[in-house]
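The sequence shown maps to residues -24 to -1, 1 to 323 in mature numbering (1 follows the signal peptide of the UniProt record, and there is no 0).
Treat the hints as calculated values from the structure; they're not laboratory data.
If you're wondering where the values come from, they're calculated on a predicted model, not measured in any experiment.
We treat Cβ as the ideally placed atom computed from N, Cα and C, and that holds for glycine.
Don't take each hint at face value.
[Stated by the list, open to error] Across the chosen pairs, the derived CB separations fall in these ranges:
1. 164 with 17: 41 to 51 Å
2. 281 with 94: 27 to 37 Å
3. 297 with 217: 26 to 36 Å
4. 89 with 285: 10 to 20 Å
5. 94 with 26: 29 to 39 Å
6. 89 with 22: 23 to 33 Å
7. 132 with 294: 27 to 37 Å
8. 280 with 322: 43 to 53 Å
9. 21 with 164: 45 to 55 Å
10. 132 with 297: 29 to 39 Å
[Said to hold, decoys possible] Pairs of lysine-lysine, DSSO-like flavour, derived with a Cα cap of 30 Å:
11. 306 with 97
12. 84 with 97
13. 178 with 320
14. 77 with 238
15. 133 with 84
16. 118 with 52
17. 52 with 306
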Amino acid sequence: MKKTFFCIKSTVITVMLFSLFSCGSDKPVLNIYNWGDYIDESVISDFEKEFEVKVNYELFASNEEMYVKIKQGGGKYDLACPSDYMIERMINEDLLSPLDKANIPNMKLIGESFLNLPFDKGNQYSIPYMWGTLGILYNSDKISDPVDSWDVLWDKKYSGKIGMYNSSRDSFAVALKKLGFSLNSTNTGEIEQAKNLLIEQKPLVLAYGEDNLKDMLASGEIDLALAYSGDYGWIIEENPQMAYRVPDEGSNIWFDNWVILKNTANKELAEKFINFMCREDIALRNADYIGYATPIPSVRDQLDDEVKNDEAIYPPQAVVEKCEVYVDLKDFNEVVDHAWTEIKASN
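Let the sequences and hints guide you as you build the complete structure.
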């Protein structure tokens, strides 16, 4: 497991651009758009050498940031790695190119439970990369109560010691599940109740952040925070008192998949990259580096016992069954975003 860098799903505050150059200016170029610190960088170098290409690699901090840039034509990307609901949205808006699976034979290594999911039936447009859950990351030395309910994030005894993601979708998911509703609710009354609950919580929250929440937990500035399961994989290495739990009310189970953009000029090369990422040795290096759950069973089998048997990273079926996959809320995205703006502006 990666020990010295952040294992993150949405941690880059600003977009950074870096290129890993190969010798020669006449080599094909592949432009990739991915989450921050979501790949073993040596894998990029090896792909460049093996296929005699140049890779330009740019980072994004959220699905929404990625979507806006692609929708507005702000980047000439071939590949991206969005999450489930955003993949559905991009398919509906004709932003993606159908895959030629003959060029991705290593897809056969992916577990059946990670294929043919509702956001892309038949995997016509996307191939799984990593997956995980949304839960609570906390300092077990400081939190005396059982962390088995979302209620703990509203407990006044932890006022000023709580961190929440600066994310409308994730924050509303927590509030909706706490209220007993679906995290994909498009019921205006339920959204209003969730909004009021998040306004009620706001005075207790020290920070609405991203990557900085893990830093704050590690330093003791906060004691518990909304987190992705892979964040636990990083922080436990240096802070063994940290724990992770998916509350009993249920949560989000997410999937990040590779997709090829509609206007790519390098579709076949992009498919070669996806196939390369599904190759067992490469997938193992990425899983070991990132700390998130791999969808390839044979790769999981090769991980250290403490990792592959850790239920925080690879949750049991009983936990999975309580979780929901985000779906595209379509026109209701604006309703949730407006409600989130109201929450952030409230006193």
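### Task
Against the earlier hints, flag every one the structure doesn't satisfy and list their numbers going up.
When the structure is compared with the hints, numbers 15, 16 turn out to be violated.
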